[in-house]
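Starting from the known structure of chain Y, arrange chain V on it as the hints suggest.
So the protein lines, in turn, are chains Y and V.
Here the first sequence is numbered in our numbering, starting from 1 and rising by one per residue.
Here the second sequence is numbered in our numbering, starting from 1 and rising by one per residue.
Treat the hints with care, as some may be off.
Straight-line Cα separation of at most 30 angstroms, DSSO-like style, residue types lysine-lysine; simulated pairs [what the hints assert, rightly or not]:
id : chain 1 : residue 1 : chain 2 : residue 2
1  : Y       : K437      : V       : K240
2  : V       : K264      : Y       : K423
3  : Y       : K162      : V       : K280
4  : Y       : K405      : V       : K280
5  : V       : K4        : Y       : K405
6  : V       : K147      : V       : K212
Keep in mind the hints are simulated off the structure, nothing from the lab.
As the structure is a prediction and not an experimental result, all values here were calculated from the model.
Spelled out, the chains give:
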Amino acid sequence: MIKDLAVMIAGRAGDGVLFTGNVLARLLKRHGWEIVTSRDFPSNIRGEATCYTVRASLDKIYGQGDRVNILLAFDCEAILAHLPEMAENGIVFCDGQGVAAPSPEQARGKTFHRLFLRTLAREQFGQEIYKNVIALGALSYVLDLDPLLLDGIISEMFLKRKGEEVVHKNIQAARSGYEKAREITAEKERHPLTRRPDENRILISGDEAIGFGALAAGCRYFAAYPICPASEIWQWLVHYLADFGGAVVQTEDELASLNMALGASFAGARAMTSTSGPGASLMMEAFSLAGMAEIPVVIAHVQRLGPSTGMPTKTQQGDVLQWIFGSHGEFPRIVLAPGTVGECFDLTVGAFNLAEKYQCPVIILTELDMGQDYRTSRAFDFSQVRIDRGKLLTPEVLQNIPDFKRYAITDDGISPRALPSWKNGVHLVESLEHDEKGYRDEDPLNRRRMMEKRMRKLDPAAADLFPPKTWGCQKAEVGFIGFGSTLGAILEAVDELRAKNIASRFLQLRTLWPFPAAEVREFLAESRELFVVEHNFTGELATLIRSQVSPCSEIKSILNYSTRPFTPRDIVEPVLRSRR
Amino acid sequence: MKNKEFYHRLDPTWCKGCGLFGVFDALKRAAAALAIEPEDLVIVTGIGCHGRLNNYFQGYGFHGLHGRAMPVAAGIKLVNPRLQVVAVSGDGDAYSIGLGHFIHTLRKNVGLTYVVVDNRLFALTQGQASPTTDFGMVTLSTPFGSKDFPIDGPSLALAAGGTFIARGFSGEVAQLASLIEQGMRHDGFALIDILSPCVTHNKVNTYDWYRKHISHVEDLPGYSPRDKARAWEVLTHPEKIAVGLIYEEAKPSFESLVLPDREKPIASLDLEVDGPRLRKIMDGFR
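With the rest of the complex left out, here is chain Y:
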C-alpha cells in the first residue's frame, strides 16, 4: 500500500505549472491525504524552467520528501532536469514534444509515456490551455482518484467566473486525460491511493494563514509594499479587510509601510505590515521608532534568499539576527517563528495581543517555503481566539484620570494608552527621549528611568510567549534545535534515525526573542550530541544560542544555504557521518 507519494509537475514559466500543481494539491487533500507542496520557480513570469511538487502522505507531514514518484513534464528538458530526483519505479509522463534521451542509468526502472497533451488539447478542445486539465485527468487515473472530485474542483473554480460551458468543457478535458492515461499505462504502473475521509481540514499557505490570523485577531489596518514572497499575505487580506471595516493600503515603499502602520496603531487600529529581505532593511528605521515610542505593531517577515536582492523566489533563514539585534539603539521586541501553517495562524493572533500588551513591535518571522507553499492543517478554531488590548484605556476611564501620563513609569514598565480624539488624553508620541507625558527630556536621571522602564517590560513576558515544543523520543542522545519551516525535514530525520536505532529529539523554538534560555539550557544539558539546523550560511540560531546560554556545551550546525528547503536526508547524513 502506498503511504507517501510525490508528484512533480514541471515545465516552463507560463505553462500553467502553478495552476496544475494547485489543483492537484487540492484534489489529493479532498482524497483525504496530508499535503505539502513545494514550488521551485524563477523570478520571472515566462520562459524559464519551473516545477511544482505535491507530496501526499497518510501520515502527518510538514515538509518535503527526498523522492519524486511521478513526473509530469510539459517539456523534455524538465525530464532530464528532474530524473535524478525520481524514485526507482518512477513514472514519467511527457507532452511528447522534443526528444529527451536520458542516460540508461538514470532511466533504469522508470517508465516513460507520451501524453501528447498539447495536441490533444488543440485537436479536441480548440485551445492549448486545456492541456493542464487533461494532465490532471491523467494523474487522476494513475492515482486511482475519484473523477468526480476533480469535476467538483473544476466547477468551483470556473462556474462563477467563466460559466457552465467552460466548466463542461474542462470536465470533458479531464475525462479525456483520464481515458488517455488508461489507454497508455499498464495496470501495474498505477499508484492507487486509498481514500480517506476529508474532515475538518484545510489546505492553506503560511502567508494566507498569517493573513487569516490577522483578520481573526482584529487587524484592521494593513500597509505594505509589494515584495516576494510576502505579498500573498496582503493579497489575501485585501479581499476581506474592507468587509470587516478595515483598510489595506499600498505604500510607496517599506519606509512608509511601517511608519503608516505606526500612525494607524497610534490612532487606535490593530495595524500590521509584511515584507521580506530588502524591505525589512528599510523598516529597520521605523522599527526603532516603534520601540522608543512604545507603539504596538506586527511585522510579518517572510524570509527569502539574500544577501541583497539575492534570489527572491528561494527560501532562506538569514534574517534572524537582524530583527533580534537590529536597528539603532536598544529597545524591547518580540520575534516569533511559526513552524506549521497552524502556528502561522496561532502565532499571528498571539502577536497582536503581545504587541498591545507589551506596547512593542512583534515580528512574525517565517520563510518562503512556509509562506508560499501549501500544507494541510486542522481547521482553525476561532473559539480559541482572544483579543487582549492590554493597557489601552477607554474614553470613560480616561475622563477620571486626573493627570494622564502616556509614558507613566510603572512597576511593570507598561503605561496606560489613550487614543487621539479621547478627551483628557492629549499627549505626545515622541521619538526623542521623553518624560512621562511624552515631551522631550534630556535629563540624565529621566533617561535612565525611561530606559529601565522600557527594557523591563518584557521581563515577565515568558508566560505569555510561545514556549519551545519538544518532539521525538523522550530520552535521546541526539538533539536538534531549529525553528520555522525546517520542522518537517527535522521530524522526518528523527523518524529515519529511529529506524536506524538512533534516538533523537527536536526542540522547536517558536519564540526567538526574548530568547527561551532556560528551556534551551535544559535541552542542551540532556543531549549528548546537539545539532542546530538552519537554512543559512553562518548559523545565526547557533550564534544566538551561544550568546544566550552560558556556559554553552558544544553545538554543531547543520546548515543549508542552497536554494532548496532541507530534505530529511540533508539532516540524517551529517548525523550519521558524525557518528562514524
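Okay, now just chain V, sitting in the frame of chain Y:
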C-alpha cells in the same frame, strides 16, 4: 471660534526672530478659527527645528522620524478621518529625505494639511545645504557654493496632481493663518509651503529679501486658483516667488475612496471575533 491661546502650551525657545514663531502663531489662529478641540487635532512633525512645535502646541502629537511625517499622518487620518491631522515638516524633511512620501501622499489625496516650513537649509544641524538652497550658496556643507539646482515644492505638487497648493510667508502671519485654515477645510491633501527665514544660518534669504521677492497671486488681475495653466505660469516665474492660494481643485479624498464607512472609523471598531463569519471564509480552504 476659540481664543488662539487655547492651543498655547509652552513658549517656544526657537532663535529670536525665527520664522517658526510666525508659523506657530498662524497654526494657533487657524485652529482657533475652526474651533477645533485639542483632542481632535493631531500634529505630526518630522525632524528639524520645526519638530519642537509639538512641545508648544496643545493637541495630540506625533514627533516621529526625519522625513516620515507623511505616512504616519496618513495612517492616523485613515484610522480616524474625523481627526484634523496636520503634518509639519521642514524643507529637508519634505523635499529631501521624505520627498517620495510627500509626492505619494499628495497623489493619493489623503485628507491632510501639510505645512512645510522652508528655510532653505538644514538649521538644526547648523546650516547645511538643503534641496531648496539656492545654486551657488555657501553653507556649512557647501563652502565652495552649492552645486545642486534647487527644487520647488509647490511646482512638484502641481505636477503630481495636488488638489490644494498654497504658499505663505512667515512674515505675513494673517495671510498664512488664512491659508492654513483653508487647507484644513479642504477635503483632500493641502500643501502649504512656507517661506520662512532662518535668522541664524541663512543670511541671504531674510525677511527683507523675501518681501522684495514675493508677489501675491491675489494681486494678479484675473487670477483664479482653478486655472492650472496660470498656476504653472506663476510658479515658474523667474523673478518673483508666487505667494497665496496658487491652485485648488475638487477630487475625491483617499479616505473617501478606501474606507468602507467614514462615519465608522477604524479606531472605534468593535474587534470581537465573529466565529461564523470567519468559518465561512475558512470554507474556501477546504
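Hints and how they fare:
Restraint check for K437(Y) and K240(V): not satisfied, since their Cα atoms lie roughly 45 angstroms apart, outside the 30 angstroms limit. For the proposed pair K264(V) and K423(Y), the alpha carbon gap of about 19 angstroms is at most 30 angstroms, so the pair holds. With a C-alpha separation of about 23 angstroms, the suggested pairing of K162(Y) with K280(V) holds against the 30 angstroms cut-off. Annotation: proposed proximity of K405(Y) to K280(V) is violated, straight-line Cα distance about 43 angstroms (limit 30 angstroms).
Among the hinted pairs, K4(V) with K405(Y) is consistent with the structure: their alpha-carbon atoms are about 25 angstroms apart, no more than 30 angstroms. A C-alpha spacing of about 25 angstroms is found between K147(V) and K212(V), which places the hinted pair at or below 30 angstroms, so the restraint holds.
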